[in-house]
Every structure is written in structure tokens, then in C-alpha cells.
Amino acid sequence: MNKNETAELNRRDFLKGSSFATLMTMLGGVELITRAPVQAADLATLVPFQVKCAVIGLGSWGREIIATLSRLKTAQLTAVCDTYPASLKRAANSAPNAKGLDDYRKIFDDKEVQAVVIATPTHQHREIVIAALQAGKHVYCEAPLANNIEDAKAIALAAKAARKQVFQAGLQTRSDPQRRFLLDFIRAGASGKAVKAHAQWHKKQSWRMASPNPARERELNWRLSKETSPGLVGELGIHQIDAMSWFLNGRPVSVTGFGSIMQWKDGRDVPDTVEAFFEYPGGAHLTYECTLANSFDADFEMLYGTDAAIMMRGSKAWMFKEVDSPLLGWEVYARKDQFYKETGIALIANATKLTNLTEKATDETAYTTKPLYFALESFLTNANTVSSAVEDFSATFDVNDKAALEKYISEIKLQPAAGYQEGFEATVLAIKANEAVVHGQKVALPKEWFELG
Amino acid sequence: MKKNCFLLVGMLALLPVSLRAAEDWVRYNAVPNSSKVKVDGTSTLHDWSVGSTALGGYVEFDPAFDLAKPALGKVNAHCDVRIFVRQLKSDKTDMDNVMYDSMKEKDHRRIDYRLSEMVLKEAPKSPEAPFLFDTKGELIVAGVTNKVQMPVTMVRVGADKLKFTGSTSVKMTSFGIAPPTKLGVFSTGDDVKLTFEWLTARKEQK
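Protein sequence lines correspond, in order, to chains A and B.
Heads up: the first sequence runs through residues 1 to 453, numbered per this note's numbering.
Heads up: the second sequence runs through residues 1 to 206, numbered per this note's numbering.
If you're looking for bench data, these hints aren't it; they were derived computationally from the structure.
What you are looking at is a predicted structure, and each value in this text was computed from that prediction instead of being measured.
Treat each hint with caution, since some may be false.
To be verified - Simulated pairs of lysine-lysine, DSS-like, Cα-Cα distance not exceeding 27 angstroms: (1) B:Lys36 / A:Lys407; (2) A:Lys413 / A:Lys153; (3) A:Lys193 / A:Lys204; (4) A:Lys407 / B:Lys163; (5) B:Lys193 / B:Lys69; (6) B:Lys125 / A:Lys402; (7) B:Lys36 / A:Lys413; (8) A:Lys402 / B:Lys89; (9) A:Lys164 / B:Lys36; (10) B:Lys147 / B:Lys136; (11) A:Lys407 / B:Lys203; (12) B:Lys147 / A:Lys402; (13) B:Lys69 / B:Lys171.
Required output: the full structure, derived from the provided sequences and hints.
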């Protein structure tokens with residue numbers, strides 16, 4: 001490839017990328033970038049530890065988790081579990097060294113298994129999570145934690161009581177270096193005072209899974225029934241709403257929702273098109289939109305500040321500056337992408353080196369840069385750290401001094417991840433937002449609802 | 001053979017006396033979450049540091065050693081200090097993993113120190129003032145034992161606690177540890193400094 005080729009966007013690159021980011025490059029913009037961490041030769045080959053883990057719930061997301069674990073050298077997948085034989089068989093093909101089990105209790109009886117990832121339907125989490133914690137396992141529970149507040153609270157309280165174990169809620173963006181970089185950037189005041197935010201998830205798809213018989217159909221399509229599903233805002237919106245609350249540095253005081261079945265009138269009672277408006281202390285609002293009837297502009301989040309707007313799309317972000325905003329300095333040299341009539345400054349953590357300014361925008365994201373990868377990496381590292389601390393502390397000091405052990409664990413610095421409190425708060429918010437959507441009303445969000453006691 | 005038998009009988013005869021003596025010794029056990037150990041090193045890029053609070057072990061003194069009226073000179077004392085390697089941490093998990101690997105943590109999980117000689121050089125002039133000792137001992141890292149000498153300070157904390165502080169410098173290579181060199185753009189130096197602050201509490205008499 002010659003130099004001219006790298007500087008131009010040719011047809012081959014366009015077809016290869018054929019992506020939103022490539023399109024945006026053609027239109028213009030400036031991307032926010034952090035320096036990629038030094039990857040030492042020793043680090044690349046070192047396997048510092050391995051955590052024996054199991055995955056429970058082998059739907060499409062469960063299989064995604066298995067695929068991600070297979071790329072993490074710190075994971076040793078020893079068991080996979082699902083009650084449905086076809087799902088078990090399909091997952092077993094991608095995890096040939098793991099035992100295939102149809103009863104999760106068999107995993108909890110296995111002393112070798114240290115950690116479990118629970119990706120069952122949301123309404124089944126409570127029983128499995130609590131049993132896993134009681135069996136002494138580290139637990140990663142997909143978000144939302146539950147489809148009702150009572151179950152979410154029971155899970156969070158059980159996790160809080162399990163001082164010698166790690167509990168991680170599946171709010172992946174909390175572990176994503178890109179989002180953490182953005183958080184520091186925003187909290188440092190780079191975008192000025194936050195005045196409003198917007199997030200959306202648009203995709204034309206039915207959300208209905210093909211099933212071989214009526215019994216399986218109901219079991220498989222639990223997301224389409226109000227009885228078991230927290231709806232679009234609860235299942236999909238929870239991640240984006242949690243992220244925006246994190247960036248806005250507050251919890252909403254109310255949510256107003258609307259929802260309708262606009263496209264998929266197939267017997268479901270869960271709206272396929274929803275909107276929710278969250279009001280934050282200080283007056284800022286987040287508007288959230290989600291539809292299964294149209295794909296335009298896919299999914300992204302926007303934060304509007306008095307000095308700049310920041311757009312987040314997956315693991316990438318761009319800053320759009322106001323003409324009267326202060327000059328930060330570095331943005332002069334940063335890569336810029338054009339977005340229709342706006343110029344975005346690229347903000348990318350760990351995907352691109354600061355020095356590699358000529359790299360083209362693309363959303364051909366590697367597996368190892370997806371938020372799920374970072375979330376599971378944090379989970380395994382934290383599980384190993386806490387297990388090691390318990391083992392070594394007990395061999396060093398009086399094993400009966402539980403208070404000292406708990407203090408020691410509480411002072412250990414862990415990898416960034418959403419814990420039981422973040423998981424509980426995000427779940428309450430998602431459930432209440434869904435309630436607002438279903439009833440088409442405003443729901444106040446008193447702080448007591450987010451407290452575990 | 002006969003000579004060896006006499007020696008054995010003689011040792012056995014002395015055993016009850018020494019056991020009884022050990023029972024009378026005053027023992028202080030490490031207090032959890034109250035100590036600090038720090039390892040400082042260098043590299044071609046920047047200095048580095050790892051630390052921990054999980055410094056365990058005990059020290060025990062001959063009952064003849066009177067804290068209120070200590071005599072200068074050799075002190076009859078036993079002391080074992082230990083820490084598990086993986087409890088030494090910096091704020092960079094990846095670098096910690098390289099360190100554990102370099103220290104052969106999977107085969108040698110602990111760092112141990114055993115006191116062999118303790119000499120009181122300076123007695124405290126008040127109850128709060130420090131005792132100054134010269135110490136000799138063995139430091140065991142990555143399965144390799146080296147003799148170390150260091151001055152150690154001891155102060156009384158309340159009625160039943162003793163706090164020891166000290167530091168010594170060692171070379172990684174003297175413990176068979178090759179300083180990590182393939183850390184991308186930088187490599188680490190051979191010299192490291194160990195600094196500790198170790199709180200012990202008198203074991204309750206039964």
C-alpha cells in the first residue's frame with residue numbers, strides 16, 4: 001500500500017468499512033483519543049492466573065459470553081448450563097472443554113468452579129444468583145438484575161452480605177476504558193456544563209425468537225410478555241440510561257414514558273416503540289428512544305454541554321465544540337471526522353494510539369475492545385484478587401477474625417466494574433422507566449427507592 | 001556411634017527445659033491491617049513501588065528482657081515475619097502479574113524473614129522513645145535464602161503493642177530473580193529497597 005492510499009478513502013476501503021464511522025469520516029469530525037497502554041512482550045504471553053468459571057443460560061447472549069471468555073486467557077470455562085438441550089448442544093460446540101449440564105445446582109456443588117456468569121432470562125436471576133452466592137461462587141449477573149424491585153433488592157442484599165465474593169452486575173460500560181476515559185474527560189469540564197442528554201437504540205427486528213413448539217415459544221420469548229419482561233427500556237435501555245446517569249453524575253428524580261406497539265402486532269403485550277424522559281437534579285433532561293420498527297441512526301448516546309457536545313457510538317466518541325468554547329490545545333492535532341455539517345474531534349480510548357493520527361475511522365471493532373470483554377476481564381481479575389486475599393489473609397492471621405478479613409478485602413483496589421449497588425440502582429431505574437412507559441405517565445423517583453438499607 | 005547416643009540422650013534431657021523456657025517467652029503476634037511493607041525499585045522509565053498491609057508473623061522475647069529496664073547487648077528473641085507475594089500490589093495489575101511471575105510466585109508463594117540475632121544498641125530514655133536494635137536474619141525470597149543485616153526501631157504502642165520499623169536494600173539477582181526487562185519500552189533495575197512498619201500485639205496469656 002502506498003502513502004497516497006493511506007491518505008485517501010478509496011472504494012475498497014469504503015466497501016470494507018461500509019460502516020457508520022466510515023460514512024462519518026467522509027462527512028467530517030474530530031475523535032477524542034487516549035494513549036493506548038503499553039503492551040509489554042511479557043504481558044502478552046503471561047497467563048498470571050486462571051479462574052475456573054461456568055456460564056448459566058445459553059441463549060444468544062450466553063453464547064456471546066462464551067465466545068468472549070474463550071478469548072480471555074484468565075478464564076478457564078469448565079461448565080456450561082441450560083435446561084434446553086438444543087441450546088446446550090449448540091453452546092457445547094463453542095466450549096468443547098466445558099461440561100454441559102442441564103441443572104445449575106450441579107455447578108454449585110462443584111467445588112472447583114470459582115465463578116459463574118448468569119445470563120438466563122431476567123425473571124430467573126433471583127433464585128440462581130442467591131444459590132450461587134450461598135455456594136460461595138463469585139457471580140456476574142446480567143443486567144437488569146431482575147424484572148421486579150423485590151427480586152432486585154433480594155439479589156443486591158445477598159451480594160452485599162457475601163463479603164468474601166465478588167458480585168458484578170452486567171453493566172458493561174462501567175468497565176470499558178473508553179467510557180472511563182470519557183468520564184474523566186467530561187468530569188474535568190471539557191464539555192462545559194451538561195444541559196441535556198439523548199440516547200437511542202433503533203433496529204428493525206421483531207425481538208421474537210423462532211421456536212419449535214408453543215411451550216418453548218413462551219419460554220424463549222419471555223421478553224415479549226409484560227409478566228416477565230421489563231420491556232425495551234428495561235432490557236436494552238438500562239445500559240444506555242445507566243451510562244448517561246453516570247456521565248451526568250446524578251440519579252434522575254422522575255421519569256415520564258410513552259410506548260406503543262407500532263410494528264409487531266403478533267400477540268405481544270410489550271411495546272415495540274418507546275420514549276422516556278428523565279429529569280435530573282439541576283434541570284438537565286435525558287431523552288431516551290427505542291424502537292424495533294426502524295433502524296435509522298442505530299444506537300448512540302449524546303451529551304450536550306455549554307462548550308461541546310459529545311457523541312458516543314459503541315467504543316468510539318467524538319466531541320463537537322462550540323465556537324466560543326476554550327481551546328484545549330491537543331484538539332488541533334487530533335483526528336477529525338465530518339458528520340454532515342459538523343466537525344467531530346475523535347475521542348477513542350485503547351482502540352487507536354495517539355500517534356496514529358492517520359488511522360481511518362472504522363467500526364470494525366475487535367472482540368478485545370468490546371465492553372463485554374472488559375467487563376468479564378474485570379470480573380475474573382477481581383474474583384482472583386478477592387479469592388487470593390481471603391486465602392492468604394486466612395493463612396497469615398487469625399481465621400476467626402472476620403472483621404479484620406472484611407476490612408482487608410474492603411481496602412483492596414479492584415478493577416472497575418458495576419457492583420451490587422450500581423446494578424440495583426440501574427435496575428430500579430429501568431423498572432420504573434418501564435412502568436412509566438407501560439402506563440404512559442410520570443413516575444417520581446424518590447431516593448429511598450435506590451437504597452438497600 | 002556411642003558418642004552420638006550420648007549426645008542424643010543429652011539433648012533429650014535438655015528438651016523439657018527448653019520447651020518450658022519457650023512457654024514463658026513473651027509473644028507478640030502481627031496485628032492485621034495495621035502494618036505496611038513497601039518495595040521500591042527503579043526502571044529506565046520511572047521508579048516503581050509495591051506494597052501491602054498483610055504482614056504476618058510473630059516476635060517473642062526471653063522473659064529476662066525487661067521492656068521497662070532493657071539491658072544493652074544481645075537480646076534473646078525469636079522472630080518470623082511473612083507475607084504472601086501476591087498480596088504485594090501496585091496500582092497496575094499487569095505490572096503486578098509480571099512481578100509475581102518474576103518472583104516465581106506459583107512455586108514460592110511467601111516471602112519469609114527469620115531473625116537470627118538481635119542486639120539492643122540504644123535503650124529508650126522515656127516510655128514513648130524508641131529501642132534501637134542491630135539485627136541479623138535470613139530473608140527468603142523466591143526460594144533463595146540470603147543473610148540480611150539491618151537496624152530496626154521498636155516503639156511501645158499503648159500497653160500491649162510493639163511497632164517495629166526498618167529498611168534494607170537487596171538485589172533481585174541475589175535471590176535468583178532476573179529483573180523484568182521485556183516490559184515494552186522500559187526495563188527494571190536490580191536494586192530494590194524494602195521498608196516496613198510492623199505492628200504486633202501481645203498474645204493473651206491463657
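To see whether the hints hold, each was checked on the structure:
no.: 1; hint: B:Lys36 / A:Lys407; result: holds, 15 angstroms
no.: 2; hint: A:Lys413 / A:Lys153; result: holds, 25 angstroms
no.: 3; hint: A:Lys193 / A:Lys204; result: violated, 35 angstroms
no.: 4; hint: A:Lys407 / B:Lys163; result: holds, 20 angstroms
no.: 5; hint: B:Lys193 / B:Lys69; result: violated, 33 angstroms
no.: 6; hint: B:Lys125 / A:Lys402; result: violated, 39 angstroms
no.: 7; hint: B:Lys36 / A:Lys413; result: holds, 16 angstroms
no.: 8; hint: A:Lys402 / B:Lys89; result: holds, 22 angstroms
no.: 9; hint: A:Lys164 / B:Lys36; result: holds, 22 angstroms
no.: 10; hint: B:Lys147 / B:Lys136; result: holds, 7 angstroms
no.: 11; hint: A:Lys407 / B:Lys203; result: holds, 21 angstroms
no.: 12; hint: B:Lys147 / A:Lys402; result: violated, 36 angstroms
no.: 13; hint: B:Lys69 / B:Lys171; result: violated, 38 angstroms
When held up to the earlier numbered hints, the structure conflicts with 3, 5, 6, 12, 13 and fits the remainder.
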